[in-house]
Amino acid sequence: MNNTPPKFWQRLLKWFCDVELYEEISGDLDEAFYDRARDQGVRYAQRKYKRDVLKFFKPYAWKKLHLERQQSPLLRNYFKIALRNIVKYKQYSVLNAAGLILGMTCIFLSLLYLNHELGYDQFHSDADNVYRVQRTYRSQNYAVMPFKDYWGTAAEDQLGYLIELKKNPQIKNVTQFTSTNSPTSVPQHYIQKVNGERLVENNILWTNSGSEFFQVLDWTFLKGSPKSALSEKYSIVLTASAASKYFGSDWADDANLLSRYLSIDSTNYQIGGVIANVPDYSHVDFDLIVNTPKIPSWGNYTYLRKSPDMSESELLAEVNNAYLRFRPGAADNELEIGLTVERLPSIYLKSNALYELKTPGDIRYLWVFGIIGVIILVVTITNYLNLTTALYVGRQKEIGVRKVLGALKSNTISQFLFETLLIAFLCLPLSLLLLQFTLPFFNAIMDINLENKVISDPNLIAFAVLLPIVIGLTSGMYPSLVLSAKKALELFKGKLSNTRSGFGLRRTLVGFQFLLLVGLGTTTFFINQQLRFIQNKDLGYTQKGVISINVGGAQIYSKMKNALENNPKILQIGSGGMPGNEMFNTLTYKMLNASAQDINDNGTHLVVDAGSFEVLGIDHPTLRDLSKDKSSVFLINETAAEVLATSLQIKPEQLIGEVFQMEPEYNNEEDGTMGIHYTIDGIIADYNYFTLKEEVNPMFIEVQAKPLWTYEMLFKLSTDDFFATIDAIEKEYDKWHSEEPIQVEFLEQRLASLYKNERQIASLTVGLSTLAIVLSVLGLVGLVSFITKTKEREIGIRKVFGARTRQILLLLNREFFILAILATLLATPLSYWAISNWLEVFAYRITPGYFVYIAAGLLCVLVVGTAVSLQSYHAAGKNPAESLKNEQ
Amino acid sequence: MLQLGNLEETILLLVMIMKDQAYGYAVSKEYQKQNGKEISISAVHTVLSRLEKKGLINSEMRGSTEERGGRRKRIFKMTDYGIRTIQELKAHRIRLWDQLPQLG
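Protein sequences appear in the order of chains A and B.
At position 527 of the first sequence the residue is numbered 769 (this note's numbering), and the sequence of numbers has no breaks.
At position 73 of the second sequence the residue is numbered 180 (this note's numbering), and the sequence of numbers has no breaks.
Looking at chain A on its own, in the form it has when it is part of the complex (with noise of 0.2 angstroms):
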């Protein structure tokens, strides 16, 4: 038997004792024990020694929160000792801020984003009860709800629908407008101040509902009160930069502005009111609201403000009956799907519809910026740990010296947490002026205008705070834990962290880091290689020189063609099929002799003249019979011929003279024919009129030898003079058009628009890429020239042993080399299928290439190769005696 206390007993008194009494307590006990040992025998002290510990049990020994004795002076000796580190290990120090800061910043960033577009048209009250009303025409969703004679209707019957729907209690507010901004209406307009002077005003919101508009959406009024701004039949509501523009910047002081009017097209409008400009985050943008009998349409969009207790199936099936009863024929139209609600806060990320108001964001580039966030936040992270791991492989002693001076495991825990905190809430306000800094560039790029609510919004300063904590805590987690777990004696030794074996912590995230580097460098490289392949791709028609105008009908065509004919400078003029447009909607169609069964509904309807494919350098031989007897011309294009032909077995070649069916529903109440025939007189190549994310789609060109109807002219201008020619097209426009201004595109500019959305996203996916990787490769030099450095005694005594420097320089650089090609052959596919997912936007689109991967991963290598082969060179040459000098 033992004659020791018993050990299970002792092991329960230490746990539950407190440490500043444990000393005498346990000491007693073990004294007591064996002076009964001695006395009346082992048994006995053991049984006595059982019971006195279970009699200590209480709370006077138990263990304590010694809060008081430790607080401030180790607080202040942790301050010193971090402060004295961060100074000792100067180059690591910075390299390591550096990172942080740069990590911070972008991860504010990203967050700065998110939030702004997350958080669309909130601002409006109860914005979850207000929903807009959409129609699924034919296949495709629009925003757009049409009037029931389009632009003829009159005045009272454009309210039609919105009677219908306020017959229904639960539905408490309807109205309907357009904008400038929509493709459905004309984009400018001229507004004649008091004094009689003509203003370009190109951001206009129209509607004929407008008390109500107020109550359906809510805007901050700066004059006047919702309830009666727009009363008036004729009313203006100004927002507050539209005020300075017509009434001057001292527009606040004018205490009759509400008394004034402004006109447009010979009517005066009374200014019922000044709201604050309209927020970037709002999905309808305008300048001004004109309240007017009829909106100058052949559609509108439709809102509504339903009461809570309504669901979202009720709304929309009083939405459809509403609409049943406003249209009856709508019921027997085949191509009338019905209708939907889309509630306003989810408008801007979730709509798919035609004509949008504003350009509407894109989920999945909100993905892309969260990954791209969570990666930087990882890097950052990685980077830290890593440079501090290196780091306190230098600090042993003093870890050491801690512990026999009675550092718990648990202090030595929490000095590394607090220098790891301190270090990084250090950065925390560089990151925020860093951040400030940044700001203006981004939104530069991104088109957008984000203010830097980090230090406004309370939930953004919760996170500010909240993220250096993380990064903190995370980082510092994995160095203490490990260096607090070890015994003095072996920090003493000086046992260096030498993980020649096994995956370590350590060896995984540099690998991880690797993974970034190809992966993040390849997705960049390919990005950059589409959208110049984009740029330079061939659309099939010319683009320089070729601008277009707005003209106002065939007549004025005609008029304008003839004066401009002879400018030298106009090399050719045309009407109508000016490329570059966002996906309109689409026609049914099929050839007359074909089945029922083979409607297509993916046509698009092109009406030009032959001067619009002068002006675009398309040719065919068809133009010619156009100057001789025939009026017009009607030609397919490629991808249309195969379609047709196949639909009657024939082959392409043999449809010329086939007749051709356009909207076979459509039935024509005058001749009886169901939709509208035409003799197919040519197949044309296929060019891209649309953007080249999709794929070129069956068109229809009706060629006209003198059009019949216009509203856009083209121009191919030559490059001398370019904008002295444009002048002379402004001054004859301006002798036959009174009402509305001229707008001028440039073919180059709007092919250019198209792909706005995403150059943006890929400018700022390579831009935050390049941060990630830039960060990688830091955090890989520095950790890698700091393990170099404690390598120096190993270099040494391997010279010593007869190592050529050759040798030393391949054995450091292997491992690295390993961990690359891991890296690469992970990085491949994850890449790969990353890109993949981006290029399916395109329907046009560069293949990845392998190669590319292959050169990353060489890259990566030889970059950080550099880096150890730098260091280690040094230290390889140097003379054994001298590194193993030092005892480190």
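Derived from the structure by calculation, the hints contain no laboratory data.
One thing to keep in mind: the hints can contain errors.
Unchecked claim - In the DSS-like style, the derived pairs of lysine-lysine whose C-alpha atoms are separated by at most 30 angstroms in a straight line are:
(1) A/K305 / A/K290
(2) A/K305 / B/K197
(3) A/K536 / B/K160
Claimed, not checked - Not the full set, but computed from the structure, chain A residues with beta-carbon under 10 angstroms of chain B:
(4) Y264
(5) K300
(6) Y302
(7) K306
Claimed, not checked - Quick list of the computed label-pair ranges, beta carbon to beta carbon:
(8) A/Q678 / B/R179: 56 to 66 angstroms
(9) B/L207 / A/R280: 40 to 50 angstroms
(10) B/D127 / A/F250: 30 to 40 angstroms
(11) B/P208 / A/R280: 43 to 53 angstroms
(12) A/A730 / B/E159: 26 to 36 angstroms
(13) A/F250 / B/G143: 28 to 38 angstroms
For every residue, glycine included, the Cβ atom is placed at its ideal position computed from N, Cα and C.
Please build the complex by placing chain B on the supplied structure of chain A, with the hints as guidance.
Frame of chain A; chain B shown alone:
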């Protein structure tokens, strides 16, 4: 004047008697020797701690021995205040006893 419990007073006296040797286990042994009754070490520790809190005794960690596995003992000594208090107590007790008819 400070009130002391019976046990507290006893232990305080023992500390004074034991001079430099008064620590938990030793006091419990002495108590048993003097009173014939056993007392648990934990009870002694508790009382000593209380007496220290009241300022009647002081303590110091000293004297580690092999038997204790190198651990030191908490040795208690009387403070001046403690000495005065115990003397007052004694005087007070005697005053009371003196008021009774002589007990043989």
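Quiz item: Checking against the hints above, which ones are violated?
Solution: Hints 2, 3 and 7 not satisfied by this model.
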